[in-house]
Structures are given as C-alpha cells and as structure tokens.
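J.: One-letter residues, chain by chain:
2 protein chains.
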Amino acid sequence: MRLAELSERSGVSTATIKYYLRQGMLAPGRRIGATTAEYDESHLRRLRLVRALIEVGRLPVATAKEVLGHVDDHSLGRTIRLGAALWALPHGPDPDDGDETVAAARREVDRLLETLGWSTARELGELSPDHRALVVAVATLLRLGYPWDAELMAPYARLMHQAAIRDLDFVETHPSEAEKVETAVAAAILFEPVLRALHRLAQEEESARRYGL
Amino acid sequence: MRLAELSERSGVSTATIKYYLRQGMLAPGRRIGATTAEYDESHLRRLRLVRALIEVGRLPVATAKEVLGHVDDHSLGRTIRLGAALWALPHGPDPDDGDETVAAARREVDRLLETLGWSTARELGELSPDHRALVVAVATLLRLGYPWDAELMAPYARLMHQAAIRDLDFVETHPSEAEKVETAVAAAILFEPVLRALHRLAQEEESARRYGL
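Which chain is which? The protein sequence lines are A and B, in order. Numbering of the first sequence is given in the working numbering, commencing with residue 14 and proceeding in unit increments. Numbering of the second sequence is given in the working numbering, commencing with residue 14 and proceeding in unit increments.
No lab work stands behind these hints: they were computed from the structure. Hints may contain errors.
[As the list claims (entries may be wrong)] Some chain B residues close to chain A (C-beta under 10 Å, calculated; not the full set):
hint	residue
1	14
2	32
3	45
4	69
5	93
6	128
7	129
8	213
[What the hints assert, rightly or not] Covered stretches of chain A, as calculated for chain B (at least 3 residues, CB under 8 Å):
hint	segment
9	48-56
10	88-95
11	135-148
From the three backbone atoms N, C-alpha and C, an ideal C-beta is built for every residue, glycine too.
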C-alpha cells in the first residue's frame, strides 16, 4: 500500500508517519519510485504499536524509541528481548535502599518467590523493574501498618501465573518473532486496564451475590 | 491512647490529625478532660486508610472525604456502601457516547458479561465506573485495530473472579462492618499495584521457563 492508504488504515497522519520514519521507529517502505514507497502489514502493525505506546501509554517519543529499539534487536534471546522492551516501559519509583521497611519488604518478596518456586524472578531480583515495583508496593503496605501475609498472597500469585500462561499462549499464536514481541508489548499497555476493570467488576458481582445489592 | 501516641503509631503528625478531626474524616476521641481525648484502634485504622487514600492513592482531600463519607454511611446495604466508596475513587475518563467504536465496545462488554453470567454487572451497567472503564479499555483496543475476542477474554475474567472471591473472603475475616468496608477500600488502593507487579513477574518467570533467558 502507498503512504496515503497506510495513513488511512492506521489512523496516523502522513506527516506523523514521515516523522516516525525519520526517527527510525518505523522501517522504510520498499522504494518503487523516486518519491514513492510501498508499505505492508508489518508497517501497519508497527504503527498500531507506536500509537499504543504514545497515545495510550503516554510514553515520551524518546522512551517509545528505546522500547522499539529492544523490540527490533534480533541479537537477543526472546526472554531478554521481551524483558528489555517491557523493562523500558515506565515504572514507578525505585525502592529506597536505606529504608528499613524496604529491607523488610525485600525479605517478604524473596520469601514469597521462594514459596512459589519462581526461580528466575528470584535470580533476576531487582534487576527487574517489576520486582522493584513489587518491593515498593509491599513496603507501602508495611509502612501504613497493613499486614503482609505470604500465605494469603501465594494464591493470588498463582492466579497471576495462570494469566501469564494465557498471555504467552496468546503471544505464541503469532507467526513471526517480530509479531510475538510487538504483541507482548502492546498487551502490557492495552491489556492491563482491561484486567483491572474485570477484577473490580468481579468484586461488585461477587459482593452482590453474597450480600445482595 | 492520647493524641501523641496516636500520632506516633500512625505516622501522622498531630497537626494533621487535628485537621482530619476538623474535616470530619476522623471521629472525635472520647473526651477525658477539658483539652484531652482518648483514642483507640479504630482511630488508628482510620488514619491508615486516610494515608492510603491521600499518600498512596493521591486523592485530593475533598475526594478522600467523599469516599470516607460513604464508608461511614450505615444507612446503606453492604454492596451499595462498598460500591459507593469504591466508585468515589478516581477512575479514568468516561466513554464518549457519540463514538461508534465505543458502541461496538459496549456490545462486546455486554456479550462477555452475558457469557460469564455476571448478571449484577450487566444490570448495573454503566452506572458502575468499573463497567465504564472496561468499555473504554475495550474501545481503545478496537480503535487501534487490535482484536477483541470474547472467547479469549472469558478465562481471564474467571481468574479475576477467583481473585475477587479471595478478596471478599479476606474482607470477611474482619469482625466489624466498619472494618470490612475500610479494608475493601484500602485493598483497592494498596493491593492493585501488588497484583500488577505479580502479573508481570509471572510473565517473566513463564517466559524464562519456556524460552530460557
């Protein structure tokens, strides 16, 4: 397809597409003339992802570029490539290393991961921004005086693992490695609000079943 | 306990506690002298919740007051009281009613809820901000050209329902009605970051198990 059609189908203006091309966020089309190029479904797919990152995830262009750089880095193994792309997404603040409550939260998280047998998560530890985010969230609970109970949390973690298995099964339905990584990044941005809303709706539903309206 | 001890145990300064008292966000202590009052565990619990709303949830004081007003409204049934408190928490933007994609998203959400047999969620519909948030999230997927597949989503919704059952079981371990509602509100603010981090960590773990690092 030509630029005009790519613009129409992606909902991204031609000026913005040209900007993404200059930034290297979108691969050049196949040249078919001095001033025209031909684009395909891979360009459309990439533009969808760029919109997800910038319009929905509200990433600055520089951060989106970094994420896409990891998506496109074929030298990495899949877990690392995926990890690098997902880790480049914005995360909350890092845990404060000097803080006693943070140290206690770290021990709790480590104990939970041991109980769960999540050995990679333990091994990567705070290299992973998601591990750091968990430490921060647990430290916040502890700081406010709410209880943290690994016994209570492990079943939630197992539910999330079941969700993760479905996530990866879905990612694997995509044929190419590029699509797999792109899908995983898009899902992280677009799918979390769906899950959160489903969780809250399920709470309302369950509450109504138990206590009536 | 006296004000000084309440301040120390809650981590909230005495000046701020006095402000919350004036705002009606904290019940007055039991008067034991012209200038002194006695506080108990219920005051400590309430201060924890106020900190969760304001420091962690970043709610403006007026919104926190509104949420607490619902928590304290004993005239309501539990689901409605809980719902009113949780619904008063900040939510994302509402769906745009004139939009075709939103209309399509509404149909998809309704079909999903029908498949799930979540009759209260269907009945309340967009009265619930969580229903509206789901419509917005689905409309965003559709707008960007990502597929929405109710078959694919129903199992996720069922996992979230299992989480919700655990949430309510946990809420029910608290003896008083006040504690039940307070716990549910605190959990909505403090617990969602834990779940999100667990989900992402589970994805990393599962990816490493399938593909290595």
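J.: Close enough to count: is the Cβ of residue 14 (chain B) nearer than 10 Å to one in chain A?
T.: violated (14 Å)
J.: Per the CB criterion, is residue 129 (chain B) less than 10 Å away from chain A?
T.: Constraint on residue 129 (chain B) satisfied, holds at 8 Å.
J.: Given residue 45 (chain B) as an interface hint, is the shortest Cβ-Cβ distance to chain A below 10 Å?
T.: Check failed: Cβ of residue 45 (chain B) comes no nearer than 25 Å to chain A, outside 10 Å.
J.: Please verify that hint: residue 69 (chain B), Cβ, nearest Cβ of chain A, below 10 Å or not.
T.: For residue 69 (chain B), the interface hint holds, since the closest Cβ of chain A sits about 6 Å away, which is under 10 Å.
J.: If you look at each residue in the segment 48-56 of chain A, do at least three have a Cβ nearer than 8 Å to any Cβ of chain B?
T.: Since three or more residues must qualify, the claim that chain B covers the segment 48-56 of chain A is violated, with 0 doing so at under 8 Å.
J.: May I ask you to test the interface hint for residue 32 (chain B) with respect to chain A, counting a Cβ-Cβ separation under 10 Å as satisfied?
T.: Constraint on residue 32 (chain B) not satisfied, violated at 18 Å.
J.: In terms of beta carbon proximity below 8 Å, does the segment 135-148 of chain A have 3 or more residues touching chain B?
T.: holds (count 6)
J.: Would the hint on residue 93 (chain B) stand, with a C-beta cut-off of 10 Å toward chain A?
T.: holds (6 Å)
J.: Residue count check for the segment 88-95 of chain A against chain B: does it reach three with CB-CB under 8 Å?
T.: holds (count 5)
J.: Would the hint on residue 128 (chain B) be counted as holding, given a Cβ-Cβ threshold of 10 Å to chain A?
T.: Result: violated, 13 Å to nearest chain A Cβ.
J.: Would the hint on residue 213 (chain B) stand, with a C-beta cut-off of 10 Å toward chain A?
T.: holds (4 Å)
Violation of the numbered hints given earlier is confined to hints 1, 2, 3, 6, 9; the remaining hints are satisfied by the structure.
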